[in-house]
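With chain A's structure known, arrange chains B, C and D with the ligands on it following the hints.
Chains as they are written, first to last, in UniProt numbering: chain A, 1 to 255; chain B, 1 to 255; chain C, 1 to 304; chain D, 1 to 304.
Note that these hints are calculated values from the structure, not bench results. Quick reminder that beta carbons are idealized off the backbone N, C-alpha and C, glycines included. Wrong hints could be hidden among the right ones.
[Unchecked claim] Listed below are several chain C residues computed to face chain B (Cβ distance under 7 Å; list not exhaustive): (1) Met67; (2) Val71; (3) Ser269; (4) Pro271.
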Amino acid sequence: MICREFEIVSRQEPIPGVFDYKIHCPELVAEASPGQFVHIRCGERSLRRPISICALDRGTGELRLVFEVRGEGTRELSHLAAGDRMDILGPLGHGFELLDPGARAVVVGGGIGTPPLLEVARHYGERCQAILGFRSVKNVILDQDFASACGTVVCTDDGSWGVRGTVLPALEAALQGFCPQIVYACGPKPMLKGIQELCARYPVRCQLSLEERMGCGVGACLVCACKTRAEDGQENYAHVCKDGPVFEAQSVVFE
Amino acid sequence: MICREFEIVSRQEPIPGVFDYKIHCPELVAEASPGQFVHIRCGERSLRRPISICALDRGTGELRLVFEVRGEGTRELSHLAAGDRMDILGPLGHGFELLDPGARAVVVGGGIGTPPLLEVARHYGERCQAILGFRSVKNVILDQDFASACGTVVCTDDGSWGVRGTVLPALEAALQGFCPQIVYACGPKPMLKGIQELCARYPVRCQLSLEERMGCGVGACLVCACKTRAEDGQENYAHVCKDGPVFEAQSVVFE
Amino acid sequence: MANLSVNIAGVTLKNPVITASGCFGFGREYEDFYDISRLGGISLKGMTAKKRLGNPPPRIAETPAGMLNSVGLQNPGVDAFLRDDLPYLKTKDTVLIANIAGSTVEDYCEIASRLADSEVDLLELNISCPNVKEGGVAFGVSCEGAAGVVRAVKRHARQPLLVKLSPNVTDIVSIAKAVESEGANGISLINTLLGMRIDIERRRPVLYNNVGGLSGPAVFPVAVRMVWQVANAVKVPVVGMGGIASAKDAIEMMMAGASAVQVGAAMFSDPMAPVKIIEGMESWLSGHGIADVGEIVGTVRPWS
Amino acid sequence: MANLSVNIAGVTLKNPVITASGCFGFGREYEDFYDISRLGGISLKGMTAKKRLGNPPPRIAETPAGMLNSVGLQNPGVDAFLRDDLPYLKTKDTVLIANIAGSTVEDYCEIASRLADSEVDLLELNISCPNVKEGGVAFGVSCEGAAGVVRAVKRHARQPLLVKLSPNVTDIVSIAKAVESEGANGISLINTLLGMRIDIERRRPVLYNNVGGLSGPAVFPVAVRMVWQVANAVKVPVVGMGGIASAKDAIEMMMAGASAVQVGAAMFSDPMAPVKIIEGMESWLSGHGIADVGEIVGTVRPWS
Ligand SMILES: Cc1cc2nc3c(=O)[nH]c(=O)nc-3n(C[C@H](O)[C@H](O)[C@H](O)COP(=O)(O)OP(=O)(O)OC[C@H]3O[C@@H](n4cnc5c(N)ncnc54)[C@H](O)[C@@H]3O)c2cc1C
Ligand SMILES: Cc1cc2nc3c(=O)[nH]c(=O)nc-3n(C[C@H](O)[C@H](O)[C@H](O)COP(=O)(O)OP(=O)(O)OC[C@H]3O[C@@H](n4cnc5c(N)ncnc54)[C@H](O)[C@@H]3O)c2cc1C
Ligand SMILES: Cc1cc2nc3c(=O)[nH]c(=O)nc-3n(C[C@H](O)[C@H](O)[C@H](O)COP(=O)(O)O)c2cc1C
Ligand SMILES: Cc1cc2nc3c(=O)[nH]c(=O)nc-3n(C[C@H](O)[C@H](O)[C@H](O)COP(=O)(O)O)c2cc1C
Ligand code: FES
Ligand code: FES
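In isolation and in its complexed conformation, chain A is listed as follows (with noise of 0.2 Å):
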């Protein structure tokens, strides 16, 4: 686990409001595995930002993060160019789970829930299937990393781009045809909870990736509780920050 500033090599926004950035921080990306996030200091803010890993590069040591400015603290991230250095605490939480290459893995994205997933499509090749849910045309991002990377379905609420609707059926549709081993999602909670609750009905294992508000990233304040149920029942309030983000989709309550 490392803390420190490191420097920002490049900085795109490819549709409006959604910035990715490259960093260069070599013993980062060493440690990191896909579905990890990082904690970004925001200037003299008291809390910091928590963002997933979109992509890590081992050969030049490159961090990639995609986020969406959401209020200030983000819309402070965005200011920083090529050439500033950003504070950055991590890799920190458990990722997902990768099954051995051969085997067959459906990857669900909703929105800014995107990025945490394409080094997952990388890991399965063709083996893997994307479904990319976006609300229309102008929020897709990050398509063309997944098309390059496996198999990808776009589908938008209002039909601008892509299938016409939510991830669910095409989601149902792979779950029969393509019939993967493992399902992978992140996303906003309601498509969460669908995606949970129509896996549970095919013979699939399937991890999610949550978000929930963080004070220091690490496990120590016990801020980012998430319901989860053991096998035996009991409920329980798991951390995001250190038992996940990725929990397995069965162990998660939706409250």
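Leaving out everything else, chains B, C and D with the ligands in the frame of chain A:
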């Protein structure tokens, strides 16, 4: 009175820890007079920092400010570079009362108290004598500027430059030999107190520029209190930002 | 254009933004920046029956996202106000709130009487000033003290009476209820939290008064909490303040239950803050299709 | 090298920097960053007799120069601590402070008894948690409540007892004196100030618990003031906390009267904060020719 961001034209560091800025702000310069000050926003800090007007160039519309880094706010200000913008509120307060330029004047500056006196020296030109006191040769600032405006004596506590000792003997000599109609002074409190006492013994008018911690800078919050005594002996708290920073020496009560 | 006007204890304000007592003098200082008739109201500098010099300087210290002050109610006294300041203020089209303070119950009554025939619109009883040795906050920290002074002043006051509470208490709700039951027509809160800073090089408190009142964004969450608690416990309107620096802060305070807001320390970094807040509220409301600012008051829905 | 070691209630700490309860878990999380044996002490996550789940999320909100939390004492219970965490912690060379909480006086006594034979060095009685419905702060806001629980726990406790006070009170000094007179061996303060934030788009409190505890630099001036007041009123040592983020802050708190300090929220923006504070204090003291950190404690000289 103006409050907005203006562009910094140049930044110098004449001696370590002292910064000399020129800011392009024609409207403000047009309104301002020597001895007034400006109130500068320091990033997200809750309080502005008061800095005296050092020079006004009505031709170029440039304001000159010279300040020392004392704490966090001035440190932050000192990081601003040419081309950056400075958020300035001003001109504020009552400046020095300048007599007909035919009159003779002495200006006495101590350390970082010298800047507000430069325009006064220029006003009187050859009919002005400047006495500038510093701790040591490495603290000397603005001596060239004063020397090119008027007769200038530099005193240092340790004798490492100019005359050894405080400004008081030099002032006493000037009061006796040069016989000014008026003395203007700015600097640390003990120095101002000495000057107040000394001038009281001569038939000379004396104006002091005072410092006090400030809030609003415009006279609304009443935090920048300074004890004064009216002619009838009654004591009151005047306010440095509005009634000052320049006061008639005999009205000031040093506590 | 959304309607911004609000009614506090029978007095109509053209908008809910009031400059906070002690941060706006008697109004003259800011007229170079904007027309002060644009303000919903002005809460005037705390007044006492007789002139007060206030505390020795330093009277201000910077703190993270805030400041301490220890002015100690410097003011010219109510008579000088009536003579020198009120005539000027009456040329402005804004609601005038006289913030009154005293060392004894009699003091408070005397000022209220002196102001009874004047043209100030509202009284704001300051029983929460932490910077004076006698009176002030002493009345504001117990239900009995607060109730007692309100009861007495009500007999002399002609204008509706707001009571300004101190946040330095264990149970703000019971104090609010106590003053409401004695006839307070509104409650304003919060005054400053008691704090201290030390100059570690000199080993001296920064403030000559040793301690002072904390205000500015740092206290905003405490203020929102107290406004929410009080607004849910009393029927009279609540005027919310403490750390408001933006239109969004003002909206948050109103959703917590404030019918109007006051802006203090924010003006020190930005003299235009009150005007920007008024304009920002207007555009937020319009952008959200809300016709009347009153519609947002107290609308936060607690989770549990 | 200045001597940084201090003595709190008979226990020697190698330096005065303690990580604050609830912000450092049971210590494991930060060992990747530095050797936690460098710390003067660790105040462990608040423990209850039985396991507690804590409050539903969201449990944290950002505020100007601070944060709110509403964790609600999630913890595995004292037995799990003794079994799973204490053995690990005992491999570290630092003072262990068990922060204990309960809903009833009996709860507190039970935990104190369970810990009596354990190797924790100090107890810190948390009568100031604002985030639980029962107990917690309820004991901490009245002299009687505070005194009662201290009196009872003293009968069961083997380790010296620090009592952690709530700042949400009118008169912190009388509560401090009340617990001192019942045998408290030290006083730690401040716990968090009660605050609230509202998401104005959703019109919901940001925290599921509606309100939460404010900490971070925003509260520093309030903490310094309370430490100063309490240190001047009691004879037992005071452990100061609330918003400490730098070595200078720690020194200011000690000049106000704290014999040691705790660091909480600052670790969230900088995990290395406690180590930087220890190093910064060392170099400040050396730079000022001060041989022993104890020489600065309580040295602020009030103006009046
Ligand atoms: C493990 C994890 C991975 C994430 N990965 C990404 C990513 O790759 N790309 C991306 O765009 N976003 C990601 N998010 C969401 C991102 O953290 C929030 O959008 C961001 O924190 C919002 O900060 P702000 O300053 O814009 O909002 P503000 O509203 O100003 O933030 C206030 C506080 O709330 C927290 N907060 C607000 N919204 C969220 C949220 N949805 N999740 C967690 N904390 C929140 C902030 O961190 C901050 O502490 C991730 C969140 C988590 C928990
Ligand atoms: C009318 C006036 C004119 C001034 N002109 C100059 C000038 O031309 N050049 C120059 O170098 N300095 C000048 N000063 C002093 C300058 O304002 C302070 O050095 C500066 O405010 C210190 O800020 P800081 O952030 O470095 O210190 P900090 O200690 O971080 O400041 C904390 C707070 O204390 C206030 N403060 C600290 N020291 C002083 C002080 N000596 N006077 C007033 N407020 C103080 C700060 O403004 C701030 O509000 C002037 C002061 C006044 C009142
Ligand atoms: C310099 C200063 C002077 C103040 N004087 C008074 C006063 O005379 N009467 C009063 O009721 N409140 C006074 N206050 C408190 C403010 O009116 C307000 O309650 C408090 O500052 C919180 O608001 P803010 O955070 O927006 O400043 C004063 C505050 C400051 C900063
Ligand atoms: C997330 C979080 C959890 C906390 N949990 C506890 C606790 O269990 N017991 C306790 O006594 N204090 C608890 N506190 C309060 C801190 O120990 C400390 O008193 C307070 O945060 C002020 O210090 P700071 O400003 O350095 O954070 C908690 C604080 C935070 C931020
Ligand atoms: S953010 Fe602190 S435990 Fe997860
Ligand atoms: S700084 Fe506000 S009155 Fe002088």
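Return the status of the interface hint for proline 271 of chain C: holds when the least beta-carbon distance to chain B is below 7 Å, violated otherwise. At about 5 Å, which falls below the 7 Å cut-off, the nearest Cβ of chain B leaves the hint on proline 271 of chain C intact, so it holds.
Hinted contact valine 71 of chain C with chain B - closest CB pair below 7 Å: holds, 5 Å
Would you check whether serine 269 of chain C satisfies its interface hint, that is, whether its CB is within less than 7 Å of any CB in chain B? holds, 6 Å
Quick check on the hint: methionine 67 of chain C CB to chain B CB, less than 7 Å? holds, 5 Å
The structure agrees with every numbered hint stated previously.
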